[in-house]
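Kindly generate the complete structure, drawing on both the sequences and the hints.
Number of protein chains: 2
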Amino acid sequence: MLSTLALLPALPGTTVAVTAQTTAPGDVLPSWREGPAKQAIFDFVRATTERASPTYVAPDERIAVFDQDGTLWVEQPMYTQVVYCLERVPAVVEIKPELRNVEPFKTVLSGNREAMAQLPLRDLETILAATLTGMTVEEFQSEVSRWLETARHPRWNRPYTELTFQPMQEVLRYLQSNAFKTYIVTGGGQDFVRVYAAKTYGVPPEQVVGTAGTTKFGYGRDGKPLLTKEPKLLLNDDKAGKVEGIHLMIGRRPIAAFGNSVGDREMLEYTRAGQGDLLAMLVLHDDASREYAYGPAAGLPDSKIGTFTPALYDEAREQGWTVISMKNDWDRVFAFEA
Amino acid sequence: MLSTLALLPALPGTTVAVTAQTTAPGDVLPSWREGPAKQAIFDFVRATTERASPTYVAPDERIAVFDQDGTLWVEQPMYTQVVYCLERVPAVVEIKPELRNVEPFKTVLSGNREAMAQLPLRDLETILAATLTGMTVEEFQSEVSRWLETARHPRWNRPYTELTFQPMQEVLRYLQSNAFKTYIVTGGGQDFVRVYAAKTYGVPPEQVVGTAGTTKFGYGRDGKPLLTKEPKLLLNDDKAGKVEGIHLMIGRRPIAAFGNSVGDREMLEYTRAGQGDLLAMLVLHDDASREYAYGPAAGLPDSKIGTFTPALYDEAREQGWTVISMKNDWDRVFAFEA
Numbered sequence: 001m002l003s004t005l006a007l008l009p010a011l012p013g014t015t016v017a018v019t020a021q022t023t024a025p026g027d028v029l030p031s032w033r034e035g036p037a038k039q040a041i042f043d044f045v046r047a048t049t050e051r052a053s054p055t056y057v058a059p060d061e062r063i064a065v066f067d068q069d070g071t072l073w074v075e076q077p078m079y080t081q082v083v084y085c086l087e088r089v090p091a092v093v094e095i096k097p098e099l100r101n102v103e104p105f106k107t108v109l110s111g112n113r114e115a116m117a118q119l120p121l122r123d124l125e126t127i128l129a130a131t132l133t134g135m136t137v138e139e140f141q142s143e144v145s146r147w148l149e150t151a152r153h154p155r156w157n158r159p160y161t162e163l164t165f166q167p168m169q170e171v172l173r174y175l176q177s178n179a180f181k182t183y184i185v186t187g188g189g190q191d192f193v194r195v196y197a198a199k200t201y202g203v204p205p206e207q208v209v210g211t212a213g214t215t216k217f218g219y220g221r222d223g224k225p226l227l228t229k230e231p232k233l234l235l236n237d238d239k240a241g242k243v244e245g246i247h248l249m250i251g252r253r254p255i256a257a258f259g260n261s262v263g264d265r266e267m268l269e270y271t272r273a274g275q276g277d278l279l280a281m282l283v284l285h286d287d288a289s290r291e292y293a294y295g296p297a298a299g300l301p302d303s304k305i306g307t308f309t310p311a312l313y314d315e316a317r318e319q320g321w322t323v324i325s326m327k328n329d330w331d332r333v334f335a336f337e338a
Numbered sequence: 001m002l003s004t005l006a007l008l009p010a011l012p013g014t015t016v017a018v019t020a021q022t023t024a025p026g027d028v029l030p031s032w033r034e035g036p037a038k039q040a041i042f043d044f045v046r047a048t049t050e051r052a053s054p055t056y057v058a059p060d061e062r063i064a065v066f067d068q069d070g071t072l073w074v075e076q077p078m079y080t081q082v083v084y085c086l087e088r089v090p091a092v093v094e095i096k097p098e099l100r101n102v103e104p105f106k107t108v109l110s111g112n113r114e115a116m117a118q119l120p121l122r123d124l125e126t127i128l129a130a131t132l133t134g135m136t137v138e139e140f141q142s143e144v145s146r147w148l149e150t151a152r153h154p155r156w157n158r159p160y161t162e163l164t165f166q167p168m169q170e171v172l173r174y175l176q177s178n179a180f181k182t183y184i185v186t187g188g189g190q191d192f193v194r195v196y197a198a199k200t201y202g203v204p205p206e207q208v209v210g211t212a213g214t215t216k217f218g219y220g221r222d223g224k225p226l227l228t229k230e231p232k233l234l235l236n237d238d239k240a241g242k243v244e245g246i247h248l249m250i251g252r253r254p255i256a257a258f259g260n261s262v263g264d265r266e267m268l269e270y271t272r273a274g275q276g277d278l279l280a281m282l283v284l285h286d287d288a289s290r291e292y293a294y295g296p297a298a299g300l301p302d303s304k305i306g307t308f309t310p311a312l313y314d315e316a317r318e319q320g321w322t323v324i325s326m327k328n329d330w331d332r333v334f335a336f337e338a
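The listed protein sequences derive, respectively, from chains A and B.
According to full-length UniProt numbering, the residues represented by the first sequence are 1 to 338, in order.
According to full-length UniProt numbering, the residues represented by the second sequence are 1 to 338, in order.
It cannot be assumed that every hint is accurate.
[Stated by the list, open to error] Label pairs and their computed distance ranges (CB to CB): (1) R221/B <-> P231/A: 35 to 45 angstroms; (2) D60/B <-> G26/A: 24 to 34 angstroms; (3) S142/A <-> D60/B: 11 to 21 angstroms; (4) R221/B <-> G320/A: 17 to 27 angstroms; (5) A151/A <-> D302/B: 52 to 62 angstroms; (6) L124/A <-> V28/B: 50 to 60 angstroms; (7) G218/B <-> P231/A: 22 to 32 angstroms.
Note that these hints are calculated values from the structure, not bench results.
Where is the CB? At the ideal position from N, CA and C, for every residue including glycine.
Okay, here's the thing in C-alpha cells:
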C-alpha cells in the first residue's frame, strides 16, 4: 500500500519532511520497515479484499490463523503457560500437602531452576495435570487471571501480556479492520489463552483454538450445573494437530497463516494448498539484542522451544512463504519501547 | 414488543383494519401468534440489548445456541442425516462390492423399511462409519451437497432444507440483527450440518457445534496436504456432551438456548445457571396436522426420536423455561405454506 501521505496536499505553512519520517501517517503497519515482508501483507490484503481483484474473497470467508508462542508474543526462555504451571505448584501443595515431598513437586518447590529444567517430560505432564485440571472452568479462569496480574517476565520485569510483538498486533488489527476473522491456533492450552486473548489480541474466546482436554458436566452441591476440567487430552493442537484443530473448530481453510516454528509447518502447508491468493509467514527470531536469537535455521543457535529448522527454512523458500526477520523487518518489537 | 402499527398515523383515504391483520408491519416475528412464548423472546431481547437495562449484555457476549433436529427443522420420521447415510449405501457398495451381501448393508439395499427400522444400534453405527468417514473432508462436503439437491422428504416431497420452521428462522434473524452470535449445537454430525447451515440458517460453519469424529492430516499422491475423516468419535454432542461441546468450541456460556428434547436438557440448565436475563425455550411438537405430534409429555404419543419426557416438561415449568406449543404459538410452520 502506498503511503497516503503522497496523496495529501501539503498544508500551507508546513513542510512535510517525508525522508525524516519513518512512520507515514495512515500507515497501518507503522512498526514494520519497508521491505518484502511488509509488502507481502499489503499485497495479500489488496488481492483478497478489493472487489475488482480476481482473487477477491467474500468477508465471511476471510479466515486468518496465528500461532501464539513465538509468533504473537515471547516464548523464551520458557513458554508462559509452563511458567504458570510451575508457579502454581505451591498453591496445589497447599491444598494437597501430601505432594510436598513427592517428585516432581519437590524439585519444583526447591526453586532449583537447573533441576527443574532437567525434569523429564513425564514429570512435566504430572505438573500440567495437577495445575490445569481438577477444577471448574470458572475457577481455572480466575486463577489464570489473578496470576497474569502479578507475574513478571524475568528479562523485562513486565507482565507477560505486555510482551506481545507490536508488529503482529498491527497485522491483527489490519486484518480485523478488513473483515478478517482472526484466530489464534496454538499448541498452548485453549482454556489458558482464552482468558486473556480478547483483551490482549482483540481475539474473542471462540476464536482461540488450542490444545484442549476434556471437561465433565456435573452438578455442584447446590444443584447447579458445572463443568470440571479433566486430565484427558482431547486435541493436541500442534503440527498436524493444528490442521485437525482448524477443521474441528473453524470448519474451513484459512487464507492466511502466521507461525514461527516446526509446529506451524502443516498449518502453513494446508493454508497454501487452498485456492486464490494465500499468505504464509514465519517469524524468524534473529534479534538477540531486542528479543532472542534462535533457529537453528540461518545459522542461529539451536532451541528446544520454537525450533525453526533449516528444512523449514528451505520449504519456506521453495513454497514462497515469507520469512519475517525480526531484526530487519521490525522497526519496533514491543509497544513499550521508546 | 407492541405493534408499531399503533404508532403509525393512518394514511389519508385508507382504513387500517387492525383486527383483520394477523401480522403487524414491523413485527419481526410474524409467524408467531401473540402469547407468552412470543412475549418471552421480545422481553429477553429488550432486557439484554437495551443500554438502560440492568441486565444489558455487551454485543460480544451475546451467545445464543439452537439445537437443530426438531428445533430448527423436522426430525420425523427419521433424522435427516440417518436418511442420508441409508441413501448413501448404494454408492458405498458400488465402490466396495464385497459389502453387497454383508449385513447390515444387505438389509439396507433390500429397501425393506420395516427390516431397516429394526436394525440394532451397532448395525446403524456400521452404516454411519461407512458413509460418513474414509473420505477427505472436501469429498464429504460435495457428497452431502449433491444429495441435498435431489433428496426429498417423503411427506412433503420437498428438499429437507425447506423443512425448517419459519418461526425459528425468524428468531435466528431477530437475534442476529441484534448482534447475537447464533450457534447450532446439534447431536447430529458437525461436518454434515456445516454443509448447509450458512445457506439454510445464516449460521457460518464455525458456528456449528456437533458430534464430531477425528480427522487425520496427511498428503495425497500429488503431495498436497489433505484431511481424511476417521471413524473415531471425538465429541458426542448430545445431553451433557452439548455443554462440553459448547465449552470446547465457544468457550463461554450462552445467554439463550433453544431445544426440543431430553438431549437439550443439560444445555438449557447450563444456560440458565448463568447471570442476568437468560432465555430457555423448548419446542413441543403437538401439531400432527401441520407437522408431527410426539412427546410423551402432555399426553402426546411416545417417540424414540426427539423424546420430550414428562420429567423434562416438569423441569421446564419449575425452572421457568418456556415451552413453545407448535399448535398454539405458531401461526405458520413452514415458509412454503400459503
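Results of checking the hints against the structure:
1. For R221/B and P231/A, the Cβ-Cβ distance of about 40 angstroms falls inside the hinted range of 35 to 45 angstroms, so the restraint holds.
2. Taking 24 to 34 angstroms as the suggested C-beta distance range, the pair D60/B and G26/A conforms, at roughly 28 angstroms.
3. Range check, S142/A to D60/B: about 19 angstroms between beta-carbon atoms, so the 11 to 21 angstroms window is met.
4. Evaluation of the 17 to 27 angstroms hint for R221/B and G320/A yields a pass: the beta carbon distance comes to about 22 angstroms.
5. Checking the proposed 52 to 62 angstroms range against A151/A and D302/B shows it holds: the Cβ atoms sit about 57 angstroms from each other.
6. Between L124/A and V28/B the C-beta distance comes to about 54 angstroms, which sits within the given range of 50 to 60 angstroms.
7. The supplied range of 22 to 32 angstroms is met by G218/B and P231/A, whose beta-carbon atoms lie about 29 angstroms from each other.
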